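Novice: Whenever a hint applies, use it, and build me the whole structure from the sequences.
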Amino acid sequence: MLEYIIKRILSIIPILIVVSLMVFFLIHLTPGDPAAVILGPAATITALENLRAEMGLDMPFHEQLMTWFSNVIRGDLGNSLFMKKTVLEAFMDHLGPTLSLAIMGQMIAILISIPLGIIAANNRGSNIDRAVSIFSTLGISIPNFLLALFLVLIFSVALSLFPVAGYRPLSAGLWPHIRYLTLPAVTLGIIQAALLTRVTRSSMLEVLNNNYIKTAYSKGLSEWAVIIKHAFRNAFIPILTAIGQSFAQLVVGAIVVETVFNIPGIGQLLINAISRRDFQVIQGAILLIATTFIIINLVIDLLYGLLDPRVRLNRK
Amino acid sequence: MENPDTFYDGSKRIKSEIKKENQRLFMRRLLANKSLLIGGIILIIIGLIAILGPSFLSNTPYQIFAEERLSAPSREFIFGTDNMGRDLLSRVIFGARVSLFVGLMASGVTALVGLMVGLYASYYRFLDHILMRICDGLMAFPAILLALAIMAALGANALNVIVALSIVMIPTVARVIRSAALVVQEQTFIEAIKAQGAGSFRVIWVHIAPNVLSHLIIQATYVFAISIIIEASLSFMGVGIPAPDPSWGNIIYEGKIHITRAWWMTLFPGAFILSTVIALNLFGDGLRDFLDPYTIN
Amino acid sequence: MVLEHEHLLEVRALHTTFYTEKGRVKAVEDVSFYVDRGEMVGLVGESGCGKSVTCESIMQLHNRRITEIKGEIFFESQDLLKLKKQQMRNIRGRSISMIFQDPMSSLNPVYTIGDQIVEAIKTHRKIEKNEAMRQAVELLSMTEISSPEEVAKKYPHQLSGGMRQRVLIAIALACQPRLLIADEPTTALDVTIQSQILDLLVQFKKTLDMGIILITHDLGVVAEVCSRVIVMYAGEIVEEGTVESIFTKPLHPYTRGLLLAMPQIQGDRNCKLKVIKGVVPSLFNLPRGCRFAPRCDYSTQICAEKHPELTALDSGQMVRCWHYQKLLKEARINDSICDASARG
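Chains as they are written, first to last, in the working numbering: chain C, 267 to 582; chain G, 74 to 370; chain X, 148 to 491.
Source of the hints: derived by calculation from the structure; they are not laboratory data. The model shown is predicted, which means the values in this text are computed figures rather than measured ones. Don't be surprised by glycine CBs; every beta carbon is placed ideally from N, CA and C. Be a bit skeptical, because a hint or two may be false.
To be verified - In silico EDC-like links for lysine to aspartate or glutamate, alpha-carbon gap of 16 angstroms or less: (1) X/K301 <-> C/D574; (2) C/K495 <-> X/E383; (3) X/K229 <-> X/D249; (4) X/K396 <-> X/E477.
Stated by the list, open to error - Sample of chain X residues with no beta-carbon within 12 angstroms of chain C, all distances over it, derived: (5) F180; (6) Y181; (7) E215; (8) D249; (9) P256; (10) M310; (11) L345; (12) L347; (13) A370; (14) M409; (15) T447; (16) H454.
Specialist: Take a look at the structure:
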């Protein structure tokens, strides 16, 4: 098992290298001189040269690459060109709201999708199943910002139940925090649930076809005991993987939805950085997010091994 | 001895009967496939609106009626007007042209490059390693985030949106094509063709490519749907199609601040986005059921 | 009509119909038979003949939404089809148990062997977990598994096929049922393991005075352990009788075909192995007359047109064939089946 864990951990190193290379090259995608793009046409020559030096653009290409790599490995993502902070500080300042939103969204998604998926699978071909499948097709087809706006139109504009936009940190009290995050979290939750419902349904269907389900029924267990204890326990492993893999999508969804509700999270940081051409922040934030996802997927993979005795015991 | 002529006639008649029977079955399966049918019909309607719609419009999407700002849907402005007093119906229809064009181009480029990458990766082992590592790297980024980053570097315009969308989606298509092509290469007929001395170009494009085409068509449909979503999201965040050109996403972006007063700026373009993506997803699902030989009963 | 309810299990006019997306399927039609205590009955036929569906109808394991079960299934004078869900659950695993075809997939991969046996015990009896585990180990040792304590702690994938089948038997016997349904219990196993498992079933039949229904496509297995045989074809019973009568004078061409397809049959050494031509018809598209007619060497005009009824002979043997008298005559003339096969 230990050997398996080490192997798995080592296997993400090449992906991390490719990812950081790509983030490095991002700045060189910019047509022309990035410094000139950042400062605009009115920039003086000294200002341009200073900025080039600050960004390391005056160095030869291979030196830029080496500096970038050694900085990244030391955890130094550079300084924001506009805020008087390091990129890491800026990222951490904006992480809270995004994380809060993503976690609330994920919880809503799980609460919706798992019961729906189980019920749909257990009543395959029935009207309930059809309704669930329409729900998931709708959820997969609607862009999250659009669903967010539709929810705003209904619950904020027409019914005045929730604020149209804004954010209250947890320090301002739990209730206002939740009240302001409800619509964005429900948006993310519904869209994520659409995907997870499909996964739950199909992995339940696969499991329900197994003979051990018949064995469980013929022991005299009740339908729910069979479904929860025998079927879901086995279907849970692929569902967990899907939850983990889709967490990345959820966080990115959170970034987009933040811009709808003016929530000061990573999304706002990124959009502001893009409009000000704060390349250091863009690169740093994207590298951090991508790395986080790679690590989340690794953890999910390792958990998978822990949950499935076939994997756990065979890879000693 | 049998008369060779009657034998020939018989076989020809049987052949034409089989052909007719196959055509009948084909039509029946086509019509029985509800998702394919419904998705296809909605797509045709939206396509017709985008192509023919402008000739029925009385206002251009750029014409400003200053005193009619943010007016609700009426007989004169069926979809109402936007914050600058432009006819929303006209903007949504021209927006359809932009959004559909970007989506179509992105899925076309993605399908083409994805096909090439997938085929060559499946055929040459050394290429496989390099290409698939690059794909892994690209797929480590969530799609919208990567598109956002590329747009930040390239600058906002329609061409760059197409480039960004293609870069984001090529890896997925390449992977699907690669694994389908690997399955095809397992089959003995490829061995036989190679043994006959066919060159690699011929093997790849004449013998393998047609066998992965159904996968490519299905993927292209889904890519089209995702393109519409990502383009709308980028434009909604102000880094996609730049003003004053309309796209569904940037109309909604402009309507966002006015959402408490002008619901029509969100609802109408939103409804178009939603129905297009639903239609594409239905069409893709239908196509998958239709083309997948394993679901034939 | 006077109902005789002294049998352990009596199935009367069982019809099982599935309503699938592709249409209605009559998987079992008008099936009647009985099983007594301490008796092993063989249910024979090729796959797709309705053997498993018949037994799963007794257990009512099918999806209720798409399945219609008609007829009567008397178990200890109680019609199982009239029971409520809860009552039926009390029967399953306690009075009637079932073991399934594929031991590889019949055990839940994520629970230990011990836990799965304990579950079977605790579903029907309120006892302490420790006590249940002790009984589980005892059950395992009854099925002649070596070091049962260790096996109880293992997961299914760590056991061989034969071991898993023993575990499944242990689960089925957990509450000492009066009826055991064994669906192809030996098909997936090696020949040597097969006979060990069969011996085990025979032994438990005696010690627990159980009735056993043995579903199989292998007549050799039936000859070894059963007292009576029911032959099914395309959803209906085509022949029924004692093992002796079926093996010495099969009256249905299908039974005869199955016998000829057996590798080792007593009698003529020059006997050739014969396979029944064709395949079982699709239940969506059954022949109008006799369902076996398209594959039958004896088939005539009437076979194609009229569906034969199950006819009881004086000997107690039952057969569903227009030409059984012809087969009866043949059986009398040359007492060997192989001679008959040489003819055609």
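Novice: Each of the hints needs a verdict: does it hold here or not?
Specialist: Hints and how they fare:
1. Between X/K301 and C/D574 the CA atoms are separated by roughly 13 angstroms; this keeps the pair inside 16 angstroms, and the hint holds.
2. Only pairs whose Cα atoms come within 16 angstroms are accepted, and C/K495 paired with X/E383 is rejected, the gap being roughly 37 angstroms.
3. Between X/K229 and X/D249 the CA atoms are separated by roughly 30 angstroms; this puts the pair beyond 16 angstroms, and the hint is violated.
4. A threshold of 16 angstroms between alpha carbons decides the hint, and for X/K396 with X/E477 the separation of about 9 angstroms falls inside it, so the pair holds.
5. No beta-carbon of chain C is positioned within 12 angstroms of the beta-carbon of X/F180; the least distance is around 20 angstroms.
6. Against the 12 angstroms criterion, X/Y181 stays outside the reach of chain C, whose nearest CB is about 21 angstroms from its own CB.
7. Distance to chain C confirms X/E215 as a non-interface residue, since its nearest Cβ pair spans about 15 angstroms, more than 12 angstroms.
8. Remark: the non-interface label on X/D249 conflicts with the geometry, its nearest Cβ contact in chain C lying 6 angstroms away (cut-off 12 angstroms).
9. Residue placement check: X/P256 does not keep its beta carbon more than 12 angstroms from all beta carbons of chain C (closest about 6 angstroms).
10. Every CB of chain C lies more than 12 angstroms from the CB of X/M310, the least distance being 15 angstroms, so the non-interface label holds.
11. Distance check on X/L345: its Cβ is at least 20 angstroms (rounded) from any Cβ of chain C, clearing the 12 angstroms threshold; non-interface status holds.
12. The beta carbon of X/L347 sits about 18 angstroms from the closest Cβ of chain C, which is more than 12 angstroms, so the claim that it is off the interface holds.
13. Under the 12 angstroms C-beta cut-off, the non-interface status given to X/A370 relative to chain C holds; the minimum distance is some 27 angstroms.
14. Residue placement check: X/M409 keeps its beta carbon more than 12 angstroms from all beta carbons of chain C (closest about 27 angstroms).
15. Distance check on X/T447: its Cβ is at least 42 angstroms (rounded) from any Cβ of chain C, clearing the 12 angstroms threshold; non-interface status holds.
16. With 12 angstroms as the threshold on Cβ separation, the claim that X/H454 sits away from chain C holds: the shortest Cβ distance comes to roughly 32 angstroms.
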